[in-house]
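Chains as they are written, first to last, in this note's numbering: chain A, 957 to 1188; chain B, 4 to 231; chain C, 10 to 241.
Source of the hints: derived by calculation from the structure; they are not laboratory data. Even glycine gets a Cβ: it sits at the ideal position worked out from N, Cα and C. You may find that some hints are simply not true.
Result set (DSS-like, lysine-lysine): computed pairs, CA atoms no more than 25 Å apart in a straight line [unchecked claim]:
| # | chain 1 | residue 1 | chain 2 | residue 2 |
| --- | --- | --- | --- | --- |
| 1 | A | K1185 | C | K23 |
| 2 | C | K125 | C | K68 |
| 3 | A | K1178 | C | K23 |
| 4 | C | K23 | A | K1096 |
| 5 | C | K223 | C | K237 |
| 6 | C | K23 | A | K1183 |
| 7 | B | K85 | A | K1096 |
| 8 | C | K27 | A | K1185 |
| 9 | C | K23 | C | K68 |
Between beta-carbon pairs, the in silico distance windows are [stated by the list, open to error]:
| # | chain 1 | residue 1 | chain 2 | residue 2 | range |
| --- | --- | --- | --- | --- | --- |
| 10 | A | E1176 | B | L41 | 40 to 48 Å |
| 11 | A | W1167 | B | R58 | 51 to 59 Å |
| 12 | A | E1092 | C | V17 | 13 to 21 Å |
| 13 | B | R27 | C | V17 | 39 to 47 Å |
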Amino acid sequence: MQQKPILLTILDILSIIGLGVATYFALVFAPTEAVMGNVQRVFYFHVGTAWVGLVGFVLAAAAGIVYLMTKDMRWDRFEAAAVEVSAMFFFITIVLGSIWARPAWNTWWTWDPRLTTAAVTELIYIAYFMLRAGIEDPEKRARFGAVYTLLGGLSAPITFMVIRLFRTIHPVVIGNASAEAQGGFDMSGDMVAAMLVSLAAFTILFIGLMWHRIRMGGLEEKVEQLKLKVSM
Amino acid sequence: MTSSPSFFKAVFAIARKDLATEFRSRELISAMLVFSMLVILIFNFALELNPDARRTVTAGVLWTTFAFAGTLGLNRSMAVEKDRGCMDGLLLAPVDRSAIFFGKAISNLVFMLLVEMIVIPMYAMLYNETRIFQLEFFGVLLLGSIGYIAVGTLLSAMSVQTRTRDVLLPILLFPVAVPVLLASVKASGGIVAGLPFEDYVTPLNLLIVYDVIFLAGSYMSFDFVVEE
Amino acid sequence: MIEVKKLVKRFGLKTILKGLDFSVQPGEFVALLGPNGAGKTTFLRILASLSRPSLGSVKVAGYPLPNESAKVRARLGVVSHLPLLYPDLTAEENLEFYARMYGISNYHVRITEVLKMVGLEPRRRDLVRTFSRGMQQRLSIGRAIIHDPEVALFDEPYTGLDQDASEMLDDVLRSVAAKGRTVVMTSHDLARAEDLATRFDVLSRGVIVASGTKDDFKNSNLLDFYRKALET
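With the hints as constraints, model all of the structure from the sequences given.
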């Protein structure tokens, strides 16, 4: 049995501390936003989870390409881990966004480019898992998975651009806000600090979870190997 | 006596074989057509397609119909190859694997366009909607169908090799084809509404971008989908 | 004609072929025997360039696989237990299609020749859909040799055939071999194999466990040879 690496344990502890600190910054340290009040605080976690969700998506597509070039199963495990972890974070992002949207836009959901792209991306993730579930041969599963993440990675940005043609009300946090956006706000220095802390905390958490998931994939394979040995 | 055929000859041979088969059995196109008619019939009652509503939803109704009917055709066309082992027959030929992709894509595209060419006049007749008879509208139809079929042909080659098969194709295809469908709806909707070219040039550009990216992407990854 | 060294094929964690060595001289007719699940079909698919070897080297008709697979494919004819024919095309149209895929110029003469050889010339304009299993299988052999390949691979060609159809297939297979082609055939039917082949190899547990010619068991029979091979 292979020992859990010390660095991973350190990451686990760092993740917990990071989340604690981020929570403190979001709930206590950051000033209350003038117009929306306390509900705006959900924004810090919303941005944090959205960030790692996006990173995971890009990493999965990249890992897919590397897998197709090298045919090394480790990249398949990396890709599957990235999709799984980022699917979870994307889901949290959507839920947090809804909680915020209810008071800010007076609706749980709106067909805004970011929201719709997030929803479509989540559907791509689900399709990815259904595809993998339907294939027995691990090597074929890896190949098909890689091709599909690649297609998903190519289509998501175009989806975003297309839906932008239908109008948007989502606030643009970075860059200049569109006139139509509702619920936008200017961030004070403390708010920026809280956001950065949250981004850092979720990045650490993401790395930790990825590592765990990849390691689990390796262990799963080992279990299969041992099972096969026993049965023979 | 034997030599590898040229790339285009192989592509043409595959497309021609599919068209000859379909010309004889008419299985695929008749299924797509009947299905399209049913979808339009259901839309009529579900959306209360009165003259006012039609102005805005015509493009959406047509593209939804084509997308659904398209998966039927894509599934069937690849299942024919898979079920009798004919895919192995294609793979055994001394041609580049991408020739198989383009051959299948061309015949799929022809089937889809044929269905569109029959459904559109019928829609126009049923709803007295003559604004769809515009050259620009047919241009968008062609561009949208190319993008949809390119990624659909690749994904159908994948889905026939899985346990869930037919069920899986729409699930895989629709989220990835969202841009091509939405851009087509937006562009063709603008044309039906009689908007000036500037108003729908952006979705048209995105449609072309999608077509180029996905034709290239599907062509390059087809090898990985059929090899073992 | 065929040169296989230390061939390993894995599907995921399962190893089907375990360092198999195999070679065939030009003009030999090798019957590949073995129990179900021994890896005969997997092995034939690798020789046919349909499946990639995990390890080891494979050379067919002088070209290495999978690097020169297009050159190998041009010199190879394959018959499997599926006919690989299109039911909605006529016998002639099926052969025409494959002739085009192999880049055969002036194929009309060749098609008539092949149809005569497999005894289907009178039915050339009939849909394959209307053919019996045996006729489909004969046409399938015609399809496989349309480009006059140097090497022919037959995977269980007798599957699903009745006595008469099998006898007709015997004649066709003999005429394929008579042209000095190299043939490898897998079969369950020992009597048929004994009749046709010049050499007998037994594949079991992922390796060739025995190889012999008719002279090697002059005094006994193929069945004894086969049983003995499986025991060791």
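For each hint, the structure was consulted:
1. With a C-alpha separation of about 10 Å, the suggested pair K1185/A and K23/C falls inside the 25 Å cut-off, and the hint holds.
2. With a C-alpha separation of about 32 Å, the suggested pair K125/C and K68/C falls outside the 25 Å cut-off, and the hint is violated.
3. At most 25 Å may separate the alpha-carbon atoms for a hinted pair to count; K1178/A and K23/C meet this at roughly 13 Å.
4. For the suggested pair K23/C and K1096/A, the alpha carbons sit about 14 Å apart, so the restraint of at most 25 Å is met.
5. A C-alpha spacing of about 15 Å is found between K223/C and K237/C, which places the hinted pair at or below 25 Å, so the restraint holds.
6. Between K23/C and K1183/A the CA atoms are separated by roughly 11 Å; this keeps the pair inside 25 Å, and the hint holds.
7. With a CA separation close to 16 Å, the supplied pair K85/B and K1096/A stays within the 25 Å bound.
8. Distance check on the hinted pair: K27/C and K1185/A sit about 15 Å apart at the alpha-carbon level, within 25 Å; holds.
9. Of the pairs offered as hints, the one joining K23/C and K68/C holds, with about 24 Å between alpha carbons and a cut-off of 25 Å not exceeded.
10. For E1176/A and L41/B, the hinted distance range of 40 to 48 Å is satisfied, since their beta carbons lie about 45 Å from each other.
11. The supplied range of 51 to 59 Å is met by W1167/A and R58/B, whose beta-carbon atoms lie about 55 Å from each other.
12. Checked against the given bound of 13 to 21 Å, the beta carbons of E1092/A and V17/C, roughly 20 Å apart, stay inside it.
13. In this structure, R27/B and V17/C meet the distance hint of 39 to 47 Å, their C-beta atoms being roughly 45 Å apart.
Of the numbered hints given earlier, the model fails hint 2 alone.
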